[in-house]
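A.B. asks: What follows is each chain in one-letter form.
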Amino acid sequence: MPNDTVSVTLRRASDVAYARQAAMQTMAAIGASSIKKTKFVTAVSEIARNAVLYGRGGVITFEIVGSGPRRSVVAECMDRGPGIADVALALTEGYSTGSGLGLGLSGAKRLVDRFEIASSALTGTTVTMECFAR
Amino acid sequence: MDTEGVEGVLHAGGTPIVTITGCVIVAIRDDLDDQSVMHLQDELVEEVARRGARGVIIDISALEIVDTFAGRMIGSMAQMARMMNARTILVGMRPAVAMTLVELGMTLVGVETALNADKAMNLIVNDLPPVALAQ
Ligand SMILES: Nc1ncnc2c1ncn2[C@@H]1O[C@H](COP(=O)(O)OP(=O)(O)OP(=O)(O)O)[C@@H](O)[C@H]1O
Ligand SMILES: [Mg+2]
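As you go down the protein sequences, you meet chains A and B in turn. For the record, in the first sequence the residue sitting at position 51 is 51 according to our numbering, with numbers rising by one throughout. Whatever position you read off the second sequence (first residue = 1), add 134 for our numbering.
By construction, these hints were calculated from the structure, which means they are not laboratory data. Possibly wrong hints are sitting among the right ones.
[What the hints assert, rightly or not] Chain B side only, calculated, beta carbon under 7 Å to chain A, not exhaustive:
#: 1; residue: D168
#: 2; residue: D201
#: 3; residue: R206
#: 4; residue: T234
#: 5; residue: L238
#: 6; residue: G239
Built from N, CA and C at the ideal position, the CB exists for glycine as well.
All chains should be modelled from the sequences, with the hints used to inform the complete structure.
C.D. replies: Below you can see the structure in the form of structure tokens.
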């Protein structure tokens, strides 16, 4: 691959499906196992949908890092929304300010190998997730 | 497919919904966006009402992921179907999807599972008890 980075703009709900496709393709590119692919793509779907629903849209970027068998995909989802006032509370299972089940954030965190949230009212929310090939 | 017992065929977007001997059957072919999932949910519930169906069978063997949105739609569809006295049975769930649903904490209350559509139809047509609840 000449360029190991791919970005998907998140404006509406249908863009979440494009983010899933990009996530699936990058995981396939590093030869990820089917369970790893499913876990990562599901996590991406949750975070991308949150960016559309609560973050006024944004962009998600996928990058392949490392080499050989320890390659991984790093996804960075950035929005320019209002931020998450209390990240710990938002990560509580069952907490939702919308019509969801409040399982997306906590679930995504469990599904990936590394999960970070940086959020403030000024910058919006950035979620970084990393997933190894197996 | 044997056309005997086929009571109706309709299309929700690109997804065919077939009703056979009181079972509304749909095979979700690939990744659907949220809008299409909602549309499909509506069509399934309406088809259950129109046909007075006793069950809904959703084949998800082609799906590599089921997230909280799709899971929530399946769960609420099952609730609505139940109010119309119809069961909802998911078939062909991939192991990776089952593991992911557990990690997400999705319980899918009221949704049954079966190995394949034939087994699911047998449960519905003969009014057999659920094999296992997708808890
Ligand atoms: N990008 C974001 N910007 C602002 N707030 C957010 C963002 N992502 C999540 N939140 C807040 O955190 C809460 C919890 O998010 P989470 O994804 O766990 O649940 P949900 O989206 O409400 O429901 P589910 O994901 O189960 O459908 C949301 O209801 C919302 O208030
Ligand atoms: Mg969410």
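A.B. asks: Does each hint fit the structure? Answer for all of them.
C.D. replies: Verification of the supplied hints:
{"no.": "1", "hint": "D168", "result": "holds, 4 Å"}
{"no.": "2", "hint": "D201", "result": "holds, 4 Å"}
{"no.": "3", "hint": "R206", "result": "holds, 6 Å"}
{"no.": "4", "hint": "T234", "result": "holds, 5 Å"}
{"no.": "5", "hint": "L238", "result": "holds, 4 Å"}
{"no.": "6", "hint": "G239", "result": "holds, 5 Å"}
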